[in-house]
Amino acid sequence: MRRRVAVTINGTKHEHEVEPRLLLVHYIRDVAGLTGTHVGCDTSNCGACTVELDGHSVKSCTMFAVQADGTQITTIEGLAQGTTLHPLQQAFWDEHGLQCGFCTPGMIMAAKQLLERNSNPTEQEIRVGLEGNLCRCTGYHNIVKSIQAAAKVMAPGAERKAPASVS
Amino acid sequence: MAISQMVGASIKRREDPRLVTGTGSYVDDLPQTALVYMHVVRSSEAHARILGIETSRAKEADGVLAILTGKDLKPEFGAPLPVTVCFVPDKKYPNHYPIAIDKVHYVGEPVAIVLASSRAAAEDAGERIEVKYQSLPAVVDIEKAIAAGAPVLHEELGSNLSYDVKFAAGDIEAAFKEADITIKQRLIQQRLIPIAIEPRGVLADYKTFANKLTVWSSTQIPHFVKVWLAVILGISESNVRVVAPEVGGGFGSKIRVYPEEILTALASRRLGRPVKWIEDRNENVKATHHGRDQIWDVEIAAKKDGTVLGIRPTQWLNLGGYCSQFGTFQVLGMLVAQGAYKMKAFDGRAVGVFTNTTPTDAYRGAGRPEATYLIERVMDLVARETGIDPVEVRRKNFVRAEDQPFTTLLGLTYDSGDYTITLDKALAMVDYKALRREQAEKRKQGKYMGIGLCTYIEICGLGPAAPTQAATGVSLWGMSVVNVHFTGKATVIIGSSPHGQGHETTYAQVASDVLGIPVEDIDVQHGDTAIGPMGMDTYGSRSTALDGNAVHISAMKVQEKARKIAAHLLEAAEGDIVYENGKAFVKGTPSKAVTIQEVAVAAFQTSRLPKGMEGGLEATTFFDPTNFVWPFGAHICVVEVDAETGATRILRYVAVDDCGTRINPMVVDGQLHGGIAQGIGQALFEEGVYDEAGQLRTGSLVDYLIPTASDLPSFELAATITPSPVNPLGTKGIGEAGTIASTPAVMNAIVDALEPFGVKDVAMPATPQKLWQLMHRNGGTKR
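Top line first, the protein sequences correspond to chains A and B. Reminder that position 67 of the first sequence reads as 67 in my numbering, one-by-one numbering, no gaps. Reminder that position 777 of the second sequence reads as 777 in my numbering, one-by-one numbering, no gaps.
No wet-lab data here; the hints were simulated from the structure. Owing to the predicted nature of the structure, the values given are computational and were not obtained by experimental measurement. Even for Gly, the Cβ is constructed at its ideal location relative to N, Cα and C. Warning: the hint list may mix true and false statements.
[Claimed, not checked] If you want the footprint, here are the derived chain A segments under chain B, 3+ residues with CB under 8 angstroms:
| no. | region |
| --- | --- |
| 1 | 28-38 |
| 2 | 74-88 |
| 3 | 97-108 |
| 4 | 113-122 |
| 5 | 136-146 |
Chain B extracted, bound-state conformation (with noise of 0.2 angstroms):
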C-alpha cells in the first residue's frame, strides 16, 4: 500500500478556481437556445378548494405557448409524489400531486403553469389568471389541528393526525419511581426556513423523437429524481438523465423530487423544447419545504447525584400541508434522543400532524438537532436542579470508553468513541474554571455571561444498506468507479453529489493515496446519472464514510490488477510485487520498477497482458459498511446578555470534534464553521412564522433573518481522531456536526446567563425582544 501522504492534507479546492471567477455553471447559467419559461402560479390561500381557473385571458397575452392547470396534467402522472417510510411504516398520507387538482393546502402550492417566451412573459401572464377559490376554514398549530373540530385538510384521512407512535424500552415507571428529582419541561423547535443562497432551478429538456429526458436541476439527489421522473412521466429510466451541474447549497432543502422538477418536464415533453424555470426568493420561502417545526415534551426522572435515570420525551411534528418525500425522518430525533448518556428507560412518542402551511422535511440535520437539542438540555436541568455543574454531570452519565460499542435502549450500537477527550480539550481551551470566576464577577457588576456546553453524539453514515432499508424504505451505499486512462492519468466516479463540501478535492485526495498518482492527474466527476451505475447521493453527512470509502476500495481493486499486470511485466510471481507511490517492484530491488503508468499502457495493449485477464484498468464498488458513523464533540459557547437590549453577544465559541480521520483537516473545518454558524441562527434569530389563516409572514430575508457576518465570531476549533472501525478509512461525517452541537451550546449559554433570573429555559429563537422580557418581567428583580 502507497505511503499516505495526501489524505490528512489540507491542500486546496480543485472546485474553487471557477467559482472565484464567476465561471462555474448553476442552473440559471447554463446556456440553452430556443428556451421556454416556466412560471407557477401559486396559491395565495392557505386551505381552499379550486372552484376553477380563468385562464383566457392570460393565454392571450403576449409570448404565451402553453397555460396548464392540474386539471389538465393530471392524466399525465403515472404516480404521486414520492413519500418514503422514514421510521413511520403506518403513517397516515394523502396522495400528492406536482400541482393541486382541486383543493389547496398551504400558500405556494402550485395551482397553475404559464408556459412563455421570456420569463417576464409568463409572470406578467400569470397575473392575468384568476382562480376562483372557496376558502375554508385553515390551521397552522400542532396542537390546534389534532383537537377537536379543527378543520380536516385531507377528508379522506379522516383527521389531521399522520401517525401517534411510541418508541420505548426499559421500565420508565421504575425509573420514575427510583428517582428523587422529576423535571417536565417544553421545548420547542420553530419552524425554520432553509435558505440556500441559490434559490432551486430546473431546465427540462425533452427531445420528442429520441423519447429522451434530460433535467438541469439544482437538487442534492440527482440519482433519486432520475428513478422518479421515470416513474411519474411513464419514460424509460435508461431514457432519462438528470444533471446536478454546480448547486448554490442544500441544507437538506434540495434532497426531495419537487414539483417543478415533475412540471418542467411535462411542459417539454408537451411543447417538445426545452423549459427553464428559476425559482425566486419570494417563491423559495414558501415553495421549498421549511424544517424543524416540532414541540418536545419531556419528563426527566434523575437522582440528587445527577445521574439521569429516564427520560419521557413526546415529539409533536408538524408535517405542513402534505407528507414530504422524507417528511418524518425526522423522527429519527426518537431514535438518538439518548446522546452520549446511559439511562435505564427512555418512552417516548411521536406525533404527526398536518397543517396548512409549507410541508416540513430534512434541514441540516434533520432530527438529530432535534435530539441532541432534548438531551442537552435535559442535562442543563438536571444540573440546575440538583445544583451540580453541568460538566459534572454530563460525566455522571456518559457512555465511557470501555461501554463501546455502546447499545442503546433502542437498540442503536455507536462504532467508537471516549466522549470524555472531547470534552476535557474543550474545558482546557476556555479554561473553564476562570470562565466560572469570570462569570460570577460579572454578575456582582450586572453583567450576565452565560456558559453553555453541548457534548453530542451523531450518527451518520448512512447506510449500512439493511437498517436504511428497513428504516426508511431506501437502502444506503457508497458508490464509486475508478479508472485508469492510457496515460495514467484517472477518473473516478461519484454516487454522492456535492454541493460545496469539496468532493472533487477529497476523493481525489484517497485515490491518490492508493494509487500513487498525483491528486492534480485525478478528475472527480459527479452529480449526472449518465456517467455512473447509480448513487445515493448526499444528505445526512454520509458523502465520505460511503463514497468515500467506496473510491477507496476502488482504488485498491485498481492497486490490485496494477500489481498482476507488473508481476508479468517484471516476470515475477505476484506475491512477491511491492507497490508504492504509484510504482510496483520485486520486494527490495526498488530500482526495477514499472510505473502505474506504464502498468496503464499495458492495460490497453491487451497482448502485454496475462493470459486470460481482460484489458482496462478500472473497478467499481458498491460499499455497504457494517454499521453507521458516531462522531461525536465538545461545544462550548460563551455569551453575554444585555440587560439593557435583551441582545446576545457570542464572546467565544470553542468546538473539539471527533470525526475519525480527517481527509482534508481545511474542509472539515469550513464545514463546521458553517454548521455552528447555522445552528447559531436557529438559536437566536430565525423563526418561520405564520399568521392564524395560513399566511407567511416572513416571507422575505427582510423578515427572516440568518447570521450575517457581524453576529458571530470567529470560531476556536480543535480536532481529537478516533477513526471509525466500520469503514477502511477510518472517516464518519461532519456536515451537520456543527449545527447539531451549537444550537444547545447557545441556548444553554443564555438560559445560564439568564439564571439570576430564574430563568430554566428560553423558547427559540432567543430575541432581544424575548430576552428582554424575562429579564425584566419581575421589575427586573432578581431571584
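Pulled out of the complex, with its shape left as it was, chain A reads as follows (with noise of 0.2 angstroms):
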C-alpha cells in the first residue's frame, strides 16, 4: 500500500509513491537524494535532521513523508545561492562554528529560525534556542559566536542583504 507524495524541496518539485511508515528525512536523504540532511538519533533530541517546512524548522525524523505532501522544504543544500553561502553557512566558516560537521547542517537550519524569529538574539537566547540540537565537538562555544556574527549580516538593514533562500 503506497501513498502518493509531491513536494518542493529547495523549489524542485518532487512526486512519488512512497511507503506510508517512510520517514521524511528517509524520504529526503534517500528518494530525493538530498544527503546534507543527517540522522543522528532515532528519538528527536539530536536535531541532526532540521528542515525548513513551511516556514517552520522541523525536525524530519518526526514525521512522515505522506503528512509533508503539498509542503515547500528547504535543506541545508537550498541555501547558497551558487557559490555564494548564505549568511549563516558563512559565519559557520568564519568562527569556526563546526568540526566534524555531522551536526551542522541541522544546527545552522534551527539558527536560520531562531534568526528569523528573533533578529538580534541575546547568548542566553541563542543557546536556548538551540537545545534542541545537540553537537559533540564545539561545545557549542563558536557555534553561539557564528549565530552572533550571522545576525549582525542578516540583521533589517544591515549593509549585505541575506540572500533569500530558494522556495
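Starting from the two chains in their separate frames, assemble the complex, guided by the hints.
As C-alpha cells, this is what we get:
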C-alpha cells in the first residue's frame, strides 16, 4: 500500500509513491537524494535532521513523508545561492562553528529559524534556542559566536542583505 | 628555511565549505548502486546460552537475500577480533568473534545478520527471527563480579578477573610512616557512552573476480581496520582498501576494529554485492563501546604543610563482556597518576573485571582523565584536610621548571613545562583572591559558590615507537608523503585520519611554511589506505605531534632536493643557495631566483636535472620522535549550586593551556571548547546505567544526557607556549586536554561549594538530586 506524496524541495518538485511509514528524513535523503540532512538519533533529540518546512524548522525524523505532502521544504543544500554561501553558512565557516560537521546542517537550519524569529538575540536566547540541536565537538562556544556574527549580517538594514532561501 | 608565515595563523578551515553546504559525504551519503542492507539482530539477554536460532519465517520475508548466524559464519573467521597488550601483557581474555557463536555476554551483542534489498525489509525480517536463549544469571557490577559465587562470563578463564597488577615505586610504607595525615577516598568514574553525533556505519564492496575488498567505514583507524580485515577474512592485505570518508566525530568510540566491519565484508563476499550497515542510535548506545566505568580507591600520605608524600591508588576497571581491542588502555591512568607533582612513593594496583555489559574502551582521554581526576581530587582532599588553599597545595607539590626533564616514579620523563606559568595566568584571569572574597560574602547570603582548580599534565604524542611497542604492542609513529606536482602545486598524504580536527587545513599550513607554496595550492589527503604507505591513524592527541611533524620533515626533504635542482639550474654551488618563500637563489642575489614552480617543472623534465638525480619532487617520512609530548595547563571553574534545587550553574570557566607551538590557534581553541564541554558532561550529566539483569536503562538520548547549548557558558581561554623539544615543530597535543582538565575542575568546584555542608566528595555525575540530598541530609544544617 503506497501513497503518493508531492513536495517542493529547494525549489524543485518531487513526486513519488512511498510507503506510508517512510519518515520525511528518509524521503529527503534516500528518495530525493539530498544527503546533507543527517540522522543522528531515533528519538528526535539531536536535531541533525532539521529542515525548514513551510517556514517552520522541523525535525524531519518526526514526520512521515506523506504528512509533508504539498509542502515547501528547504534543506541545507538550498541555502547557498550558486557559490555564495548563506550568511549563516559563511558565519559558521568564519567563526569555526563546526568540527566534524555532522550536526552542522541541522544546526544551521535551526539557527535560521531562530534568527527569523528574533533578529537580535542575546547569547542566552541563542543557547536556549539551540537546545534541540546537539553538538559533541564544539561545546557550542563557536556555534553561538557564529549565530551572533550571522545575526549582525542578516539584521534588517544591515549592509549586506541575506540572500533569500530558494523556495 | 622559509620565514614562518602560516604556522601560528588562525586561517579558516578548508574542510568547511563542503560541510556547511551539506555536500560532504559520510558513509551513509555515499552513492552506491545494487546495495544490500545489513540489519544486525542483537542479543536481548545480558548473559545466556544460545540454544537455537529460528530463521525460516524471516527467510520467507519480502526482499530477504540471506540470514546468517554465528554458527554459519564461524568457519570464515581466520582470527578473532584483535586485542592489544595495552599495559597488561598477562591479562586473561576470551576469544571474541564478531558475532556470538553459542553464548551472549551483553545486551546488544550481534547474534544474527539479515541481508535484504532495503533497510526496512532487513529490519522487518529481523523481527521474525526467534532466538532461543537459556538465560544465565548476569552480573554488571565490578565488585559483585569478583565476589565469591558470582556468575562467570567466560568459563574457560575460571573467573571474571582479567588481571590484577601492581605499578609501584618508592617506599610507600616509609611515606605513610612519615605522614601527619592520611586520607582514604573512593572516587567514581561512572560509565560513559561516547555519543558521536554520527553513529557508526560501514559499506563493504567485495569484487569476486578481482578478489578485492573496499570498505568505507566511519572509523578513526582505517589503517588498522585494513590489516585486520585482511587477517580475519584471509584476503591479501594488498587487495584490501579501507576508506574513512567524512567521519562525524569519534572521541575514541571509533578506534577499534568493530564486528560490523567484518560482517559487512563477509556478507559482501558471500553475495557478491555491496553491503551497507548504518547504526541507529538505539544500537549505538549498546553496540559501540563505552568509556570509563572505573572505581578508584586511594589512600593518601601527606604532611601538615600540604606536602603529598605518596599515594596508594587502586583502579578497578569494568571491561564489559569482552576485552575490547584497546580495552585496557585506561590502565595508562596508573602510569600518569602522579600528575604535575613530586612525591616519594607510588603504590598502584590495577584490576580488570568482566561483567555483562557493553565492552569499554578508549573514550576521550582514555586513562588520562581518570588519572587527572584522581590526582586533582587528591590535591583538594589534602587542601581540605590541612586547611591550606588548594592553590598553595598545588604549588608546594609541583614539579618545578628546573626539575625538567622530570622523570616520574614509574619512569616516564616529561619533555618540558613550568606548571606555575599556566596557573599564575589562570589565577590572574579570574582574580582568585577577589573570587574567594566573593565566595565568603555569598555564603553569608546562603548562596553556594564554589571554585575548582585543575592543574593537569597530559601524555600524548603516542609514539615514540619503542615504548609504545613495549607498552601497547603497537609501534606508533607519524607518516607523511609530500609530493610537488609538475605545475608546482602539492599533495600531502598523512597517516592520521581526522574526524573533525582540521588536518586538511593545519598540515597544509605546515607544508606551506617550509616550501613557500601557497596554502591553497596544497591538498591534504587522508583516511584512505590506498594512497599512502601506512598510517597509525588518529587518537590520543597524537596526530600533530606525529603526522604534523612528519609533514614538516617531508617538506624539508623536498626543499633539500629543490635546492639541489636550483643550484644546478643556476649553475651555482648547492651550499650557496638560499631557499626563502618558495624561491631559491644564490646568497646575495635574490633577483636571480628560481621559484619552486620552476624547480618542479625541471624535476619532471628529467634531462634538466643534475647528473644521476632521479626525477620527481617527493619525499616520504616515517617520524619516530625521541619522547612523548607533555602538554599542561590550569583550568578554573566557578559554579553556584542552588540550595533549593541542587542544580549547578557554571558561572565562569577559565582555561590556560600550553600545547607548545599552536599551528592554527583557532583550531586549538575549538578542540579545547569541545573537550571542556565533554568533561563537563561527565561531571554533571552523563551516566550509563544498567539494571541488575544487565539491561541498559540509558538506552537513548532521552535517558542519556549530553550537554546542550543552554547547559554551558562561553569559555574564557588563554595560552602559554612552551615548545616541545622532541619534535621539529615544537607541537604537543590538544585533542583531549579539555576533557582531562574540566571534569576535576568542575567537581572540585562543586565539592568546594558544598564545603559548608561538610561534603568532601561527590560521586559523578553531580545531578541536582544528588547535590540536593547532600545539602539537606541533616535537615539542611550546615557544619
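Inset, instruction - Please flag the earlier hints that this structure goes against, numbers listed from lowest up. - result: Failing hint: just 4.
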